[in-house]
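> Here is what each chain is made of, one letter per residue.
There are 2 protein chains.
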Amino acid sequence: MKPFRADILAIGSELLHGGRVDSNSVFIANMLANCGIRVAKKLVLSDELRDIQSALRSSSKHANVVIVTGGLGSTVDDRTREAVAHTFGRPLAVRRKAMQILKRQVQGRGRTVTPLLAKQARIPSGAIVLDNCVGTAPGFYVQEKMAHVFVLPGVPREAREMMEMQVVPILKRKLQSSTYLWSHAFNTMGLPETDIQQRVASLFRKPFAVDLSLLASTKGVKLTLSCWRPLKHKTRRSAAEDFPEGDILIQDIRHMLEPWLFSEGELTMEEVVGQLLSSLHWALALAESCTGGLIAHRLTDIPGSSTFLDRGVITYSNRAKQELLGVSPTLVQKYGAVSAQVAEAMAKGIRKKSRVDLGVSVTGIAGPGGGSVKKPIGLVYMAIDGPHGNQSQRFQFFGDRSEIKFRASHAALNMIRRYCRKC
Amino acid sequence: MKPFRADILAIGSELLHGGRVDSNSVFIANMLANCGIRVAKKLVLSDELRDIQSALRSSSKHANVVIVTGGLGSTVDDRTREAVAHTFGRPLAVRRKAMQILKRQVQGRGRTVTPLLAKQARIPSGAIVLDNCVGTAPGFYVQEKMAHVFVLPGVPREAREMMEMQVVPILKRKLQSSTYLWSHAFNTMGLPETDIQQRVASLFRKPFAVDLSLLASTKGVKLTLSCWRPLKHKTRRSAAEDFPEGDILIQDIRHMLEPWLFSEGELTMEEVVGQLLSSLHWALALAESCTGGLIAHRLTDIPGSSTFLDRGVITYSNRAKQELLGVSPTLVQKYGAVSAQVAEAMAKGIRKKSRVDLGVSVTGIAGPGGGSVKKPIGLVYMAIDGPHGNQSQRFQFFGDRSEIKFRASHAALNMIRRYCRKC
Chain A
1 MKPFRADILA
11 IGSELLHGGR
21 VDSNSVFIAN
31 MLANCGIRVA
41 KKLVLSDELR
51 DIQSALRSSS
61 KHANVVIVTG
71 GLGSTVDDRT
81 REAVAHTFGR
91 PLAVRRKAMQ
101 ILKRQVQGRG
111 RTVTPLLAKQ
121 ARIPSGAIVL
131 DNCVGTAPGF
141 YVQEKMAHVF
151 VLPGVPREAR
161 EMMEMQVVPI
171 LKRKLQSSTY
181 LWSHAFNTMG
191 LPETDIQQRV
201 ASLFRKPFAV
211 DLSLLASTKG
221 VKLTLSCWRP
231 LKHKTRRSAA
241 EDFPEGDILI
251 QDIRHMLEPW
261 LFSEGELTME
271 EVVGQLLSSL
281 HWALALAESC
291 TGGLIAHRLT
301 DIPGSSTFLD
311 RGVITYSNRA
321 KQELLGVSPT
331 LVQKYGAVSA
341 QVAEAMAKGI
351 RKKSRVDLGV
361 SVTGIAGPGG
371 GSVKKPIGLV
381 YMAIDGPHGN
391 QSQRFQFFGD
401 RSEIKFRASH
411 AALNMIRRYC
421 RKC
Chain B
1001 MKPFRADILA
1011 IGSELLHGGR
1021 VDSNSVFIAN
1031 MLANCGIRVA
1041 KKLVLSDELR
1051 DIQSALRSSS
1061 KHANVVIVTG
1071 GLGSTVDDRT
1081 REAVAHTFGR
1091 PLAVRRKAMQ
1101 ILKRQVQGRG
1111 RTVTPLLAKQ
1121 ARIPSGAIVL
1131 DNCVGTAPGF
1141 YVQEKMAHVF
1151 VLPGVPREAR
1161 EMMEMQVVPI
1171 LKRKLQSSTY
1181 LWSHAFNTMG
1191 LPETDIQQRV
1201 ASLFRKPFAV
1211 DLSLLASTKG
1221 VKLTLSCWRP
1231 LKHKTRRSAA
1241 EDFPEGDILI
1251 QDIRHMLEPW
1261 LFSEGELTME
1271 EVVGQLLSSL
1281 HWALALAESC
1291 TGGLIAHRLT
1301 DIPGSSTFLD
1311 RGVITYSNRA
1321 KQELLGVSPT
1331 LVQKYGAVSA
1341 QVAEAMAKGI
1351 RKKSRVDLGV
1361 SVTGIAGPGG
1371 GSVKKPIGLV
1381 YMAIDGPHGN
1391 QSQRFQFFGD
1401 RSEIKFRASH
1411 AALNMIRRYC
1421 RKC
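Sequence order for the protein chains is A and B.
The opening position of the first sequence corresponds to residue 1 in the working numbering, with each subsequent residue numbered one higher.
The opening position of the second sequence corresponds to residue 1001 in the working numbering, with each subsequent residue numbered one higher.
Some hints could be false.
[Said to hold, decoys possible] No more than 25 Å apart at the CA atoms, straight line, and that leaves these computed lysine-lysine pairs for DSS-like:
#	chain 1	residue 1	chain 2	residue 2
1	B	K1374	B	K1422
2	A	K334	A	K352
3	B	K1061	A	K61
4	A	K353	B	K1353
5	A	K119	A	K103
6	A	K353	B	K1352
No wet-lab data here; the hints were simulated from the structure.
Produce the complete structure using the sequences and hints provided.
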């Protein structure tokens, strides 16, 4: 019942030095896990031909599956095709199917296939061409002894589409894994990582081997349970029915972490808030100061957010607070712009002015300037005015300007969530 | 004049499967480049003891410098300390200096050092303890034959601080490199990657070896020049004086890309806009629809943005457009909310209502719903009203909702930049 082993090779000097971060391996690992394949390592390499070849040689020996991303573009520093050709002795040639894909995609953008772009249609001999419905570079697949090697573009949307539509079906057919990764994630906020570990430790003395991992970030602490399970047990619709002992563990943890749990699985905080507001048919208006529009930005990342978000205002100046929210200059002078009183007046003001169900406000000091002994950097007040009355809360966040902004936006969304759920 | 070689090992199952992306290696690579050290590869590994040990063994043989990040926490899945101890035969023991660091950091947060947390003070024998001024886990440094191995926490702020204040000074003293990485970056918008390559190709027939790399993203195309140079030439204050031939190349490229160039080096689009507005003493007010607060969020990430940003409004509903911007319902009915006419009315409205120098508006269809044949997803109108008169522009963006929002915010910032610079 051992999972197959995969290596991911992410190619591109920009991933090592140019300020870009590889994000493909996250969804690649998730999709592979569903096929009974465990990612053992990820290697990030520059566009040096020699380094790519040596990694291809090593990974195709040790892994069942090798997923290569990047270096399929048309510029001089795109050398992945060449590296695969050399390593496996499969000379490159322009392939008709690859050229068709390239033409369709380039012409679809109203441009023509230049000789430079045509380089992308050159594919190692014997490789199977993989279609690219999003970008211009076709991918390809070769089998080298025991290793299934897939070469995909580096652009995340293109790589994701190709993985989902082409790589996964091939792997399911070819490998016929007898295992799959059973997993469940809890997203919490407000309880430190070590406290969570201590609370759940007692549950892990049972005989079945479920892995526990904890991940702290500005979004809170994520606790993930996982274990490789025989595929023959994956017959039902729900994970609970597939693995009853695992389901009991999930219920125990859910009960234990209830006050801090804001979602399970992949559901984000903004999605939870969006769902709650939609189900209550509440319209929301935001008055942001130190978060500078970040709360609105996060909520409007959800498709259909126009059904619950009426408007937002970012009142950076005191004049804006007065004109848009009706916050009196006397109040600001008396308590300061960063105070519970002003936060409450902002929430009431935005709710009244926009005639919505829920008014939410945030005011604070994101730094690096503006802090004092009495009101240090990271001090943030939030308030809500709505059908369940009004409330305000004081927070002290740590980190740099961006972190404080993010943590404040996350706390504000959590405050809306709890207000909606009356908890 | 060959640079030293470094490997980066990023440890943590969450980096392979848990949805977190390693971002440390970017600044680590930059700092190492300044010490004459080239990152040859980055390896991302799970918390499996065996995998970490095998990577440590291999990298300490092949690289002059090994930077390990992550796995120094106090939970069960933090095993980096143990792996280093086993690999190099250096048993772990609680060290006084490490315990002092731990106590200072934990108590500074008003908590106490539990036995679980105390695990973080266990350090391999003979290692030099590295202070952590940001978080709780101390780092450490061991020299293994020719390799300098540094073990840092995975949290970016902690790793960055430790690299800068402790690792870099040690490396400068120990390695005494004779090279450094000379580099220069151009940030462009509006010209495709392949067009840029064709334009600059003619400049690269000269005898000196400067590497060119191109990186396309939602922020535009970044072109980076780099080459390893003898350190003895790095005597002057400016890169131009260090390397006159490189400076000529920079000037040629700058001239060639001028219409599309929005910044050079690390300067971001929002910083450029912020600097321009500050130097003109112009106050800005934003009226965002489809970007949902993202423009305001990006501008307020800049410290001191309150000096030029007066306010922003996010008018998702037509009622909000009318109440906050004075956009007449007749106009919206006649042309649609996504039109040049409404964009112009929004820009004029926000400028008038807030009595600022510059009013900027964005209205469009971010998708996935709301598109039609006449007004497809990704269609965005933007307008500016200000001292140089008013203007509007139509854009058609591609990608998913998040990408369209980001591209629109970037185009809007670029439009403000060009308006301010009258170009």
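> Hint by hint, note whether the structure agrees.
Checked hints:
{"no.": "1", "hint": "K1374/B to K1422/B", "result": "violated, 32 Å"}
{"no.": "2", "hint": "K334/A to K352/A", "result": "holds, 23 Å"}
{"no.": "3", "hint": "K1061/B to K61/A", "result": "holds, 21 Å"}
{"no.": "4", "hint": "K353/A to K1353/B", "result": "holds, 15 Å"}
{"no.": "5", "hint": "K119/A to K103/A", "result": "holds, 12 Å"}
{"no.": "6", "hint": "K353/A to K1352/B", "result": "holds, 19 Å"}
Hint check: a violation occurs at hint 1 only; the rest are consistent with the structure.
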